[in-house]
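Enquirer: Chains as they are written, first to last, in the numbering used here: chain A, 1 to 577; chain B, 1 to 345.
Derived from the structure by calculation, the hints contain no laboratory data.
For glycine and all other residues, C-beta sits at the position ideal for the given N, C-alpha and C.
One or more hints might be untrue.
Stated by the list, open to error - A few chain A residues facing chain B, derived, Cβ under 7 Å:
1. GLU12
2. ILE387
3. ASN527
4. ASP530
5. THR531
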Amino acid sequence: MIRFRNPSSSLETILVSFERLYSELKNKDYFDNDDIAIVLAKANLMASSGFIGDAALSLGANKDRSRDKTYNNAKMFAEIYRLLGLVSVVNDVSSNYRFTYIGEHMAVPGANKKAIIEECVLGMNNPNKIIDVSYDESVRFFSCVLLTMNELDGIICRDEMILGPMNVNDNSPSEFNKMLQYIKDVRGNYNKLQKDLESLAKSLQGNKRGGMKLTSVKNCTRFPISVLKYCDWVKNINLNIYGRSVRFMKLTRHGYETVERLKKMKDIRLSDYEICSDRQKQALIRLGAFQMLVRARFNLGSVETELEKDREEVYDLLKGKEILFSPYQTLEFSVVNKAMYITFEAHSSENKTKRLSCYSKTCEKAVSGKAESMRMEKMVNLKKELITDEVLAFTEHVRVLYKSEKNRHKIIDNILAEHIADKKTEFYPLVETLFRIIGVDCHKSRDGVNGERWDAMIRDSERSIPIEIKSPSEEMYISIKAIRQALENKIILLSRKTYKTDNVCSTYAVGYYPPNNRAEVLDLISNIKDTYGYSIAVFDIASLINVAVNIILFGKGINIEKLYGLEGIVNIEDINC
Amino acid sequence: MRTLTASYVQSRIFILKDARSLSVTFNPENETVVKLDNGMYIRPSCINCIEPRCMKMDDTDMGCAEFPEIAQNMNRDVCPVNAIKTGLEKIEIDDNKCIGCGLCAASCPFGAIYLKSGKAKVSIGDRTNLEELLVNADGIKRQCDYIKHIAMSTKTGTMQQESDHVIDAIYENIKNMSQEEQNILARNLLVRLGNHATLGRQGNVYMRMDGLYKNKMQFGIVEIETGMDVLDVARAILDDIAVMNVRYGVDKSKNHPLAIILGIPNKRTDYWQVIKDIKNIVDIPISTITFGALLILLWNNRKENDFDKYYIDIDNSSIRKPISALAGRSIKLSEGFCGVLENEK
Chain A
1 MIRFRNPSSS
11 LETILVSFER
21 LYSELKNKDY
31 FDNDDIAIVL
41 AKANLMASSG
51 FIGDAALSLG
61 ANKDRSRDKT
71 YNNAKMFAEI
81 YRLLGLVSVV
91 NDVSSNYRFT
101 YIGEHMAVPG
111 ANKKAIIEEC
121 VLGMNNPNKI
131 IDVSYDESVR
141 FFSCVLLTMN
151 ELDGIICRDE
161 MILGPMNVND
171 NSPSEFNKML
181 QYIKDVRGNY
191 NKLQKDLESL
201 AKSLQGNKRG
211 GMKLTSVKNC
221 TRFPISVLKY
231 CDWVKNINLN
241 IYGRSVRFMK
251 LTRHGYETVE
261 RLKKMKDIRL
271 SDYEICSDRQ
281 KQALIRLGAF
291 QMLVRARFNL
301 GSVETELEKD
311 REEVYDLLKG
321 KEILFSPYQT
331 LEFSVVNKAM
341 YITFEAHSSE
351 NKTKRLSCYS
361 KTCEKAVSGK
371 AESMRMEKMV
381 NLKKELITDE
391 VLAFTEHVRV
401 LYKSEKNRHK
411 IIDNILAEHI
421 ADKKTEFYPL
431 VETLFRIIGV
441 DCHKSRDGVN
451 GERWDAMIRD
461 SERSIPIEIK
471 SPSEEMYISI
481 KAIRQALENK
491 IILLSRKTYK
501 TDNVCSTYAV
511 GYYPPNNRAE
521 VLDLISNIKD
531 TYGYSIAVFD
541 IASLINVAVN
551 IILFGKGINI
561 EKLYGLEGIV
571 NIEDINC
Chain B
1 MRTLTASYVQ
11 SRIFILKDAR
21 SLSVTFNPEN
31 ETVVKLDNGM
41 YIRPSCINCI
51 EPRCMKMDDT
61 DMGCAEFPEI
71 AQNMNRDVCP
81 VNAIKTGLEK
91 IEIDDNKCIG
101 CGLCAASCPF
111 GAIYLKSGKA
121 KVSIGDRTNL
131 EELLVNADGI
141 KRQCDYIKHI
151 AMSTKTGTMQ
161 QESDHVIDAI
171 YENIKNMSQE
181 EQNILARNLL
191 VRLGNHATLG
201 RQGNVYMRMD
211 GLYKNKMQFG
221 IVEIETGMDV
231 LDVARAILDD
241 IAVMNVRYGV
251 DKSKNHPLAI
261 ILGIPNKRTD
271 YWQVIKDIKN
281 IVDIPISTIT
291 FGALLILLWN
301 NRKENDFDKY
311 YIDIDNSSIR
321 KPISALAGRS
331 IKLSEGFCGV
341 LENEK
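So that you can see chain A by itself, here it is in the shape it has in the complex (with noise of 0.2 Å):
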């Protein structure tokens, strides 16, 4: 399957950082990924953990250069730019690049940088001699996904891309064929075109044995879909064809009208490059080139007498059709230049920048150290006043489910896999019922009242705590959206004093599984606590349960005093309750 990298989600973010680094750049003999790292980086283009400049350039850096994040930025840019055929490398050094002759016209001013980038996206193909891959299809990817949305009554959906153009030699006709057939049969089968996709990432080789993950698969698609879009091919709707919503792309005007000129083009590949006269190559580079700027609307009178005569070298090639190949990135940058009769000096290593030297590594905020110093200190039973009939039937199904598991662990998982599928109405009365059987009074919020913004509330004499829920159907994972709310109810608690509370007593998000982007949950509970001094912690159901299996079969509770203090993730097992 072809991957695409995927430096940046805006393709206006790749061309900008493009013009800034022509202008800084065009001048040395050549620059490298350290060199693009610090345009960028200055020109507040490249960010590393959400900083630019000199800061991001000191974030990122790390001595061990595969964990260095600016560099490794930095060269993705530079292969996306490769890939484009608007930078090539020199001195025959991966990480040594100078400027293609199509590279110089974006930064022409008045160029048609949209139509530039059409023609550079049409001439990406593979296999070429410019960069190594780890995928071997031969494929010129932008005019296979095109012609396949054409002959898919002009759609396709992100799935269907992966399988269908990213994963198709589109040089054999029986395999292109082969391609559209599976994705018509499949149209309608949402479930077996997951299974399919899956059984892809498998097959795939990652850096990891058993393949690549289905996310990274999923992610490669950012760049095609992003080029899609810019160059106006394609708009998004949502389409039920697979028995739900799902989002497919549809072929403009602009794309249909792009499929018919493709149609009336001929395609050189590096395989029908390779087989011609010396002569002949250097024709096809000529006109590869030229047509291209033409196509992009540069005027091309001076050289049109040389062209006709290159037109004829290779007439029984391209048979009076116009071409479709993209010298620069296909073939080395010193045969395009021979053929193009653009010279260079020598390269040499002078007038290169220095990289800053500054190493430090992100400073990481554990907020969850309160959490780590929460201990069971004492016994606690069920309290009379907090029992209710959902709370002996849960304290009943934990009984029942020892005497067939004997195994604490287990009993948590059978009750997690119970719930994985909860809608609120399940899920909040099991967190109601959880934190009654620890100890306190929690009452979740009846439907219909507006005011009680919170999904469920600790209620206190002095220290209440809203709980904000989220149920697996929701989120599986809690998210940043749930500790945005657990402050909202925080301050609208304090403001409308439904119940009593003070400003230090903590406010809880809830949901089923601990937070998947831990360290941006974690940032942000800091980021709150330093703004508006408020404690926000959270929990995942795995944690309550085992607090609330240990109580009912063990009688071990814990302090309940720690609750109203807690701030950050409460990982519960990890204390030994």
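Fit chain B to the known structure of chain A by using the hints.
Expert: This is chain B only, laid out in the frame that chain A set:
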């Protein structure tokens, strides 16, 4: 062989012969009138700028100088829906895409774009007034210098008369735009109303805010919401303020948050009370302004640097008064229409 230079870009560029513009007057549904420094009045013609300001925002308008280290969205398009492109003789606007916001018209220094029937149109005018320049380094420099001068021209008049019909049509268009396009529209409106404004960069998980604005009076974070869940705006703003405080040292008292929404929510929603709660407890007044209000100010060539006056909550949920005051006249929109100036009934 290396003969490809700017002189071969297929384009015709112009400047005005022997005169510069002093002022541009907009007229609803009609071409603008330009007063020249030689005392003449003309209907302008597109001079096909080599770097068209009606297409690309100026970098300096989008940066927040105080926080150069904040990663910004690099999209500089003036038109949020990409309806405008360069042509051989003049700028071209795609009627099918144009939403009629007027940003391109407000950006053209020469007044060569106007609004008619809710669409932007390019004036061709009398081209005998124009001098064609060669598209080479000298010609480009001459045109750029010329544009720098005419950029100082004052702009008066009304680009588009607001009405229920006009707002209804443009709101339908905005609803159909992608979130990124809506964000670009909001940013560009802030810029054209005299602010520096920037959007957060996509995919930056550390800075979740939609944008920032800065003017001679205020700095603030911006949240943009066109859906139903306006409560998310208030939550996001609290998050943004915390991030700006801790990561960039902006005390919350110095941050003047602005919510840009499509329509002012119904009084029955809890938004208004929550806004008041936030002001009461953490002393953060969240100002709320609508796309419609920003557009009305743009169409009337107004500048706005004080967003504090758009603080509205359960006790007062109308922005009609400050908008009318700035426009210098009463706004011709029915009460509650699309929630532009007050909540819908």
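Enquirer: Answer holds if the nearest beta-carbon of chain B is closer than 7 Å to that of A/ASP530; otherwise answer violated.
Expert: holds (5 Å)
Enquirer: With 7 Å as the cut and Cβ atoms as the points, is A/GLU12 at the interface with chain B?
Expert: holds (4 Å)
Enquirer: Going by Cβ atoms only, is A/ASN527 closer than 7 Å to chain B?
Expert: A/ASN527 check passes; min Cβ-Cβ to chain B is 4 Å, inside 7 Å.
Enquirer: Less than 7 Å between beta-carbons is the criterion; does A/THR531 satisfy it with respect to chain B?
Expert: At about 4 Å, which falls below the 7 Å cut-off, the nearest Cβ of chain B leaves the hint on A/THR531 intact, so it holds.
Enquirer: Would you settle whether the hint for A/ILE387 is holds or violated, based on the nearest Cβ-Cβ distance to chain B being less than 7 Å?
Expert: Result: violated, 33 Å to nearest chain B Cβ.
In summary, the one numbered hint that this structure violates is 2.
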